[in-house]
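Protein chains in written order, with my numbering: chain A, 1 to 147; chain B, 1 to 135; chain C, 1 to 191.
FYI, nobody ran anything at the bench for these hints, they're computed from the structure.
Beta carbons: idealized from backbone N, C-alpha and C, even for Gly.
Misleading hints may appear alongside valid ones.
One-sided excerpt, in silico: chain B residues whose CB lies under 7 angstroms from chain A [stated by the list, open to error]:
no., residue
1, L9
2, L37
3, A38
4, I40
5, L41
6, Q47
7, I52
8, L96
9, S105
10, L111
11, T113
12, N117
13, Y123
14, V128
15, E131
Taking lysine-lysine and the DSS-like style, the derived pairs with C-alpha atoms no more than 25 angstroms apart in a straight line are [stated by the list, open to error]:
no., chain 1, residue 1, chain 2, residue 2
16, A, K5, B, K2
17, A, K33, C, K146
18, C, K146, C, K124
19, B, K74, C, K62
20, A, K102, C, K146
21, B, K74, B, K108
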Amino acid sequence: MKYMKSLIAVLVFLIAFVSLNAEAVNDLFLGQKIPFSYRAFPLEISAEEASMVSAGSRIDILMTFQAMLKRSGRSISQKGEIVTVTLLQNILVLETSKIQNKNYIFVNITPRDAQYLALAQEQTLNISLRNPKDRKIAPMPVAFTED
Amino acid sequence: MKRLIFLSLLAALFILPVKLSSQENELSPFTITVKGLAPILILKTPQQADIIAIINIKGTDNAITVLQNVQAQKAIQQGADSEITLMLSKADTETLNNLEKTYGSEPKTFLMTIRNNIDSQQYNMQPVSLESLFR
Amino acid sequence: MKKLFILSLISFIPTALFCQSVYTNVFEAKQDIKKGSLISVENVMATTKQKQVNIETLEEFKTIEELFTNTRFKLFASQDILKGDLITPQNTAYTAFKKPVLDRQIKPDTRLYALPTPFNAEQKIKAVDILFKSDGQLKTLAANVKVLGKRRIKKKIIVYIQTDPLTIQKICSYREKGTLAVKISDNQSDK
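The shape of chain A in the complex, shown without the other chains:
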């Protein structure tokens, strides 16, 4: 009976220890918002784009780059052609922030998409805003500049 009391005291301590520590550890705001198996990827955007998004917004991410294209009936310019593609669709914005006049959004993406987005940092990226209820994802054609 006496040992039972000691055991109860130890259990009470362990519960208190875990819960109080959990309070301190869970105070990391972004780390809590990210769903399991997703990642928060920081994306720098323009002031105009930042003015239309907030945490909870759903966006498409567009990438503009120079592509060497084979198009029927046309010769390929040595410079390549400027094209824009929709790289990622229906992406959730977890958080927005600003540092030294640079606007950042933290987008919720899979680890694989994070790799593609990392590569896309070398190109020009833009965002377009969706209605938050519009979750449709569809194959998107490429937009050309040489029509």
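Got chain A sorted already, so can you dock chains B and C onto it with the hints?
Below, chains B and C alone, put in the same frame as chain A:
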């Protein structure tokens, strides 16, 4: 005998926090430069992170997740980029030090993504290129 | 019962000591901050005075951290703050930024895109034409595109245009290629 048991229990209460912190002692700090200033915003408190490296392999830029679920401690501004401190195991430190040997060239740049604090799942990540996306 | 009580009390001492030292989300001023100044990463930093932080004030400091990191709010000093002082609800106040709530107005299968324009804030803009300047000629990229809202940012008027995703892609690629011209559409009726 009773006193012995009581003292053992009490000792165990003190050992538990020490044991938790000793796990940190198996990790060593390692600094890398990450593109952009976002880490300055994120790392006001330590976060669990993945590190992606952009490496040129046979003339094509590839993105490879080189580290998963590592603790990123703090960030200091280095011009337009951030120098971040990671707490790495010996194995992870070796992975970073051997990137050139593994892939044939030095990483051009590193990027950081953040995980949920308690998501420790690791995946078998393959390198990707933008060309593979449009093939 | 008495022994159990004493045992529990002894158990809580390492807990309390250990937990206080792990809490880190408290900010202190890294320079003197005048009353009315914005609180930002430029003038505050995570405090080195962790051991002095009382667990009872945890909620207060949590609130400050949430306001500080949330871009919807502007945190500023409500009194003069000296270098080294902790940032607390007592020496700060906050205001909320009013962002236009545009996303719920966007029609399905369309997207919103932010476009800088040469217009004035006073001009009423319901729809715009977007053109590309090339070899002294203007090529129309999109005509009579609906404008959901406008806002002044850094001395420029930004319009938020609602159109299909492919048109937005086209605008982005021509914007990269050269200069766009935006004019108020002659047909100002709602599309």
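Going down the list of hints, with the structure as the test:
1. L9: Cβ of L9/B sits 6 angstroms from chain A, so the hint holds.
2. L37: Since chain A brings a Cβ to about 5 angstroms from L37/B, closer than 7 angstroms, the hint holds.
3. A38: holds, 3 angstroms
4. I40: holds, 6 angstroms
5. L41: holds, 5 angstroms
6. Q47: Nearest chain A Cβ about 5 angstroms off; hint holds.
7. I52: holds, 5 angstroms
8. L96: violated, 16 angstroms
9. S105: violated, 15 angstroms
10. L111: Status holds, d = 5 angstroms.
11. T113: holds, 4 angstroms
12. N117: holds, 4 angstroms
13. Y123: Because about 6 angstroms separates Y123/B from the closest Cβ in chain A, which is inside the 7 angstroms limit, the hint holds.
14. V128: This interface hint holds because 5 angstroms falls under the 7 angstroms limit.
15. E131: violated, 10 angstroms
16. K5/A <-> K2/B: Between K5/A and K2/B the Cα gap is close to 12 angstroms, so the pair holds against 25 angstroms.
17. K33/A <-> K146/C: This hinted pair is violated, its Cα atoms lying about 34 angstroms apart.
18. K146/C <-> K124/C: holds, 12 angstroms
19. K74/B <-> K62/C: holds, 19 angstroms
20. K102/A <-> K146/C: Given pair K102/A, K146/C is violated - Cα atoms ~29 angstroms apart, limit 25 angstroms.
21. K74/B <-> K108/B: Cα-Cα ~22 angstroms, so holds.
Of the numbered hints stated above, those contradicted by the structure are hints 8, 9, 15, 17, 20, listed in ascending order.
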